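Enquirer: Since the structure of chain A is provided, determine the placement of chains B, C and D on it from the hints.
Number of protein chains: 4
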Amino acid sequence: MMKKYATYGMVGAGLNSFIGNVHRVAAGFDGLASLASGCFSRNEERNRACGEFYKLDPERVYGDFQEMAKKEGAREDGIDFVVISAPNNVHYETAKVFLENGIHVLCEKPLCFEVEEAEELKKIAAEKGLLFCVNYSYSGNNMVKEARELIQSGQIGEVIDVNAEYLQEYLVDDIGKGDQTMNRLSSWRKDPEIAGISNCVGDIGTHIENTVAYMTGLRVKRVAAKLDYFGQPLDLNANMLVEFDNGAHGVFCSSQVCVGHMNGLVTRIFGTEGSIEWHEEEPNVLYVTKKGQPMQIYHRGMAYVSGRSAEMNRLPAGHPEGLYEAFANIYKVWIGAVLKKQNGETLSETDLDFPDLDDGIEGVRFIHAAVKSSQEDSAWTEL
Amino acid sequence: MMKKYATYGMVGAGLNSFIGNVHRVAAGFDGLASLASGCFSRNEERNRACGEFYKLDPERVYGDFQEMAKKEGAREDGIDFVVISAPNNVHYETAKVFLENGIHVLCEKPLCFEVEEAEELKKIAAEKGLLFCVNYSYSGNNMVKEARELIQSGQIGEVIDVNAEYLQEYLVDDIGKGDQTMNRLSSWRKDPEIAGISNCVGDIGTHIENTVAYMTGLRVKRVAAKLDYFGQPLDLNANMLVEFDNGAHGVFCSSQVCVGHMNGLVTRIFGTEGSIEWHEEEPNVLYVTKKGQPMQIYHRGMAYVSGRSAEMNRLPAGHPEGLYEAFANIYKVWIGAVLKKQNGETLSETDLDFPDLDDGIEGVRFIHAAVKSSQEDSAWTEL
Amino acid sequence: MMKKYATYGMVGAGLNSFIGNVHRVAAGFDGLASLASGCFSRNEERNRACGEFYKLDPERVYGDFQEMAKKEGAREDGIDFVVISAPNNVHYETAKVFLENGIHVLCEKPLCFEVEEAEELKKIAAEKGLLFCVNYSYSGNNMVKEARELIQSGQIGEVIDVNAEYLQEYLVDDIGKGDQTMNRLSSWRKDPEIAGISNCVGDIGTHIENTVAYMTGLRVKRVAAKLDYFGQPLDLNANMLVEFDNGAHGVFCSSQVCVGHMNGLVTRIFGTEGSIEWHEEEPNVLYVTKKGQPMQIYHRGMAYVSGRSAEMNRLPAGHPEGLYEAFANIYKVWIGAVLKKQNGETLSETDLDFPDLDDGIEGVRFIHAAVKSSQEDSAWTEL
Amino acid sequence: MMKKYATYGMVGAGLNSFIGNVHRVAAGFDGLASLASGCFSRNEERNRACGEFYKLDPERVYGDFQEMAKKEGAREDGIDFVVISAPNNVHYETAKVFLENGIHVLCEKPLCFEVEEAEELKKIAAEKGLLFCVNYSYSGNNMVKEARELIQSGQIGEVIDVNAEYLQEYLVDDIGKGDQTMNRLSSWRKDPEIAGISNCVGDIGTHIENTVAYMTGLRVKRVAAKLDYFGQPLDLNANMLVEFDNGAHGVFCSSQVCVGHMNGLVTRIFGTEGSIEWHEEEPNVLYVTKKGQPMQIYHRGMAYVSGRSAEMNRLPAGHPEGLYEAFANIYKVWIGAVLKKQNGETLSETDLDFPDLDDGIEGVRFIHAAVKSSQEDSAWTEL
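If you're matching them up, the sequences are chains A, B, C and D in order.
For the first sequence, my numbering assigns the number 1 to the initial residue and increments by one for each residue that follows.
For the second sequence, my numbering assigns the number 1 to the initial residue and increments by one for each residue that follows.
For the third sequence, my numbering assigns the number 1 to the initial residue and increments by one for each residue that follows.
For the fourth sequence, my numbering assigns the number 1 to the initial residue and increments by one for each residue that follows.
One chain only, chain A, in its complex shape:
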């Protein structure tokens, strides 16, 4: 019998985790997947409380993710996929063990610390015939998909310049403070053991790279980067020149110390025939300009958008969709693909319209190249 609904488990994502809750709401948004298992916290009490809140079978709430992978992999009614929303430093080993136990994986970004690890995961997934999503969630935004459709169908001609940024202000108080962390959110993010070799580029710069790649189909070939540390062990600010595989140049700027910006991911793609601009804080609109013509403000949900945008639409035009819906779009495609896979069906390119291991690998390469370039006084560094 064909599966119509999927079940999933979570590693990390306890009750107090902002991003964990977003995952759960998003996974259940379309009524196609339900939470069945979890290893939410190393703290036993918190782990159990989370299981209870979600009314899980206590047997399927595990204190150890290795045990969870094995047992869920062995159960007949075991989870169809696992969501990994734990600190960066455990992504690799967690993903690996679930793959080894035959379970599809959706993992938060960045995928892992080293390119070799990323490629190993890719190898295992291929051998096992498993799906793997790396949660570059901004590609789930309806108007990001619309931008992709417009660009890849040639509406702005050949891409000649990209100007993209991701600016936040929330760590500005950490400047010059050394280890005296003032900001709740920054504690693990600036510990290289947990966060990896980069804070700002790893956390948000990599979203720029992925969102631009998704929109344009271009890959970054090399970067010339300058990271600023302001006395902290990891970077808080990064400006870089980028060169794409088609020869176009541009800049990527990411920062956690730019006052006036909360979550300012902005991508501007310039082509020989037009340009496209998208702001994550106003995700329902897209600024589209054809050469010599007035700028047009595209609204999600209107009849003029592409088939793909219409397909992914949830609300009538003018009723704002936000972050949850972007995540829900990732899950909608992902769960659809998992169900098809579980049912032995063939998957089309559209079925696979979610960020995958290639995106994850590119992200890890990007972080390494940016850090290395900055260490070498901004010398151009290949990914």
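Careful, some of the hints might be misleading.
Copies of the same chain look alike in the list, so a pair counts if it fits in one copy or across any two.
List of simulated lysine-lysine pairs, BS3-like, C-alpha gap at most 25 Å [as the list claims (entries may be wrong)]:
| no. | residue 1 | residue 2 |
| --- | --- | --- |
| 1 | Lys71 | Lys123 |
| 2 | Lys4 | Lys340 |
| 3 | Lys128 | Lys4 |
| 4 | Lys4 | Lys341 |
| 5 | Lys55 | Lys4 |
| 6 | Lys340 | Lys70 |
| 7 | Lys3 | Lys55 |
| 8 | Lys55 | Lys70 |
| 9 | Lys96 | Lys341 |
| 10 | Lys221 | Lys122 |
| 11 | Lys55 | Lys341 |
| 12 | Lys340 | Lys55 |
| 13 | Lys291 | Lys177 |
| 14 | Lys221 | Lys372 |
| 15 | Lys123 | Lys221 |
| 16 | Lys177 | Lys290 |
| 17 | Lys55 | Lys177 |
| 18 | Lys341 | Lys177 |
| 19 | Lys291 | Lys372 |
| 20 | Lys96 | Lys71 |
| 21 | Lys96 | Lys55 |
Since the hints were derived computationally from the structure, they do not count as laboratory data.
It should be emphasised that the depicted structure is a prediction, and the values quoted were computed from it without experimental measurement.
Expert: Positioned in the frame of chain A, the structure of chains B, C and D alone reads:
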């Protein structure tokens, strides 16, 4: 034992209903309520399909809402509340029968056709000690709550003028077309038997009235309205002068034929000391100006917002919340109140921070006054 | 010999007059007119100082405007036109005497106090074959002209609704203060002897009326107005329903007590096929939407604008033109017309593209109708 | 006797020159300077026509700028200053000969081709005791001055990042066209003999450098640049990392091929305590954010602006000032300084608030560094 979770049923809101799906996602957003029963469609097949999609007990999927009210009211594990998301003309009788069977009611707006019906519902709810929410959903927006906090704590002084509008373009093709409806969405909305005496004022004008009342605490005392019908049986456009109970004046403009606007609910409240402006299409920000000072752009989620705004917050500043989250906020407060009520607890004013029967009654009065004023060449008409 | 340059004189507009300086810069902007005479102030010293600053022949600096009209009218090299930039209460008599002495007149708005006076001026000008401009300066904005071209060529279909406003905050401190004027600018504006029967409608509401009329070609047929006085002798705030001669309705809101607005003239014109929106504070752009299409942002100076907009253009697209340039455009057309008239040439409709006595008369009628309607509890009042 | 008015001459700036007309209007804006001489065109007829249009004494309209410098320098009533608005390649020799003849110079940017030339001009001006303005006109904008006041008084703390751009689209059609110039404006700008070693950086990139330097007081120490030529002899697009003398980093992006942008000079200055953002296309506002606070929109002309902004103000808040007024502000300060100098008065720092030879020299260094860096694969290059 204290209830920690609520169950609910739905009348209307089949699988193809945009607003029905919004209700279901919103009700389940915080994991505090689950769908247990429904009477989704008069069409038997669609009704059953909806029940199956939501994995309901087939016995609790009813073909008749009267039967549903009686049986659910009689079950020990009957639903805690019902959501009425059916056409306007059945709101009254549906709400009434659920109240009579001891079930709390959340009903879409407008509450009903006649003021007398509305007052009867209020009387029954009071007698039975039941809660009743009329879903003026924009009051669920975080920054609308912030506006309310700022205004009611005196930040803009006394309100002296209000300029509010709700503009859409989606019925512009109906102009001069008489009964040859061109637009899918407009069919029942322009049938007076189903929609009531007004289309545009009833559907969206009434949201202006409620959102302004919620923000300011003021009630409209009288209106001088001009409705435009453009050859249709019901109004498509409405401009009106309003007078509030504190003597302030202003204008409310609602339209479904204003090209360039998708869901343009904008409220601007002017006081002796400052002003506040909110746009539904950019719901995460609020424009606040103190007399003689620069305009300030408040962002949801920042440390400077009020306690109420912080309490209702879901995502970090800059990560957009949208329509689903506004609905989810209504449900969060509503479910909290239902659970306290079911558990015999006392409810505070904050517990009751959802639009209630008084709001519903005011909405019905407002629609009647607007239509009557327009019929009398825009004479001022008391609510 | 054909005149290539014009000379002009000024009544009012001393050195400290903001608007007087704008007139002088604008008149000289294109090198086609020079100041030759003036009666700048009743204060002899200030009058002389102004004449000296502008290096005028002392003989042509007059203490009395009647004397000025007679002497300049009699000189062979007398001024071609006079600019009247004095308080409202002297517009009528000043304009009259210059017309009687054969001098073309450019007068600030409002034209005068009474409709009869306005019509008398029209009669004299016609008899004498003189030109008369009433300085409704916003019609000089390039993108207002573009809006007019687009609307009058049918780009937005038939106009069905107009929503226009002119909001300022600068008199908010006068609320409830009676005669204790706190604000420098408001002193003469709230004296009915000098300002006439209305402050807010007369000063800025009338600009809404004229700008909309210029853009659309429609005239207001009747108004239903509510003016707020807040304890002052003249109005500070006005909301009104309007009905146009084509049957369309709309609202005009003018205010000097709306915090957050400096000079917020905004006109939004809605038609059966599209809409157009213009903001005086961002005068170089126009928001144009065709039914069902994305909003387009037109920029002054681009190749896609109309011939008229291109003709009136001064700077490349993106280099902002502002208030001075709008005035300069009025003067460019006006001086061109005066020179043609003085040279005995025939004037085309385009030559006469400046606000004239018919606009001035309409403005006076509009003010009277608004005040009368408000006195009669907002009864619809014909212009 | 003290001079109250100045006279000036022009080199270049014939009747068809857009920027020439801007200069003339701006110089005369405040009634403090009049045009008395010129060498407008190498074409004799056009030269004479321009002189006639401005009613100049024919003797003072010269066919040769060397002759003009000598004769005007020798006349008792000779011009007080000269405005050089001719192609880049003649700036140096023209400026030099006027200085040598004792005449103050206002020269368009870029100042000249080589740093040595620039320093020679500085030496001559110093020896002769003459004033020299290099027309980086954006520093004349009122709100740029306000930004400078706010930043230099410490309102945003120490500058830690700068993100600035100047984007235009008007040369996008030149991409890949080699010498087949399609665009009227681009002809001399892409001829290295006339324009110098850079088109895009030289024309607009240098404005970024100057505007940022003026606002912040910081100087660029080194750049890592990537220029794009798209098959043309000179650059059309430039992205660069910059390092300032206080150690802060940032990016400067200038382009003439970015569709959707007309004259998009945007400067964003980030400090440890706040940030400031200014857009040349909306020059009357400034976006100011203090750490952790809502963004504030400052309007020119309001009471809360600094003394300097108030001093340079022309119109009430909300009435837009544009490019002409920015130029007029440069001239207002410049003419004031020239008059004081001619009258033997001492000049304060505020009297000298115009871009001078040091700015001009910095601009030349900047252009050379950017081109050199790009030639060396974006190696960091000191100015």
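Enquirer: Are the hints correct? Go through all of them and say.
Expert: To see whether the hints hold, each was checked on the structure:
1. Lys71 to Lys123: within (23 Å within a copy, 57 Å between copies)
2. Lys4 to Lys340: Classified as within: same-chain Cα gap 9 Å, cross-chain 36 Å, threshold 25 Å.
3. Lys128 to Lys4: For Lys128 and Lys4, the Cα distance is within 25 Å only inside one copy (22 Å; across copies 42 Å).
4. Lys4 to Lys341: within (12 Å within a copy, 37 Å between copies)
5. Lys55 to Lys4: both (21 Å within a copy, 11 Å between copies)
6. Lys340 to Lys70: Classified as within: same-chain Cα gap 23 Å, cross-chain 42 Å, threshold 25 Å.
7. Lys3 to Lys55: both (22 Å within a copy, 14 Å between copies)
8. Lys55 to Lys70: Within. Shortest intra-copy distance 22 Å satisfies the 25 Å Cα cut-off; inter-copy 29 Å does not.
9. Lys96 to Lys341: within (19 Å within a copy, 48 Å between copies)
10. Lys221 to Lys122: within (21 Å within a copy, 45 Å between copies)
11. Lys55 to Lys341: For Lys55 and Lys341, only the inter-copy Cα distance (23 Å) is at most 25 Å; the intra-copy one is 28 Å.
12. Lys340 to Lys55: between (27 Å within a copy, 21 Å between copies)
13. Lys291 to Lys177: So Lys291 and Lys177 pass the 25 Å test across copies only (16 Å; inside, 48 Å).
14. Lys221 to Lys372: Cα proximity of Lys221 and Lys372: in one copy and across copies (14 Å, 23 Å).
15. Lys123 to Lys221: within (23 Å within a copy, 47 Å between copies)
16. Lys177 to Lys290: between (47 Å within a copy, 19 Å between copies)
17. Lys55 to Lys177: neither (43 Å within a copy, 54 Å between copies)
18. Lys341 to Lys177: neither (50 Å within a copy, 50 Å between copies)
19. Lys291 to Lys372: neither (38 Å within a copy, 31 Å between copies)
20. Lys96 to Lys71: Close inside one copy (15 Å), not across copies (51 Å); limit 25 Å.
21. Lys96 to Lys55: Result: close neither inside a copy nor across copies, 28 Å intra and 34 Å inter.
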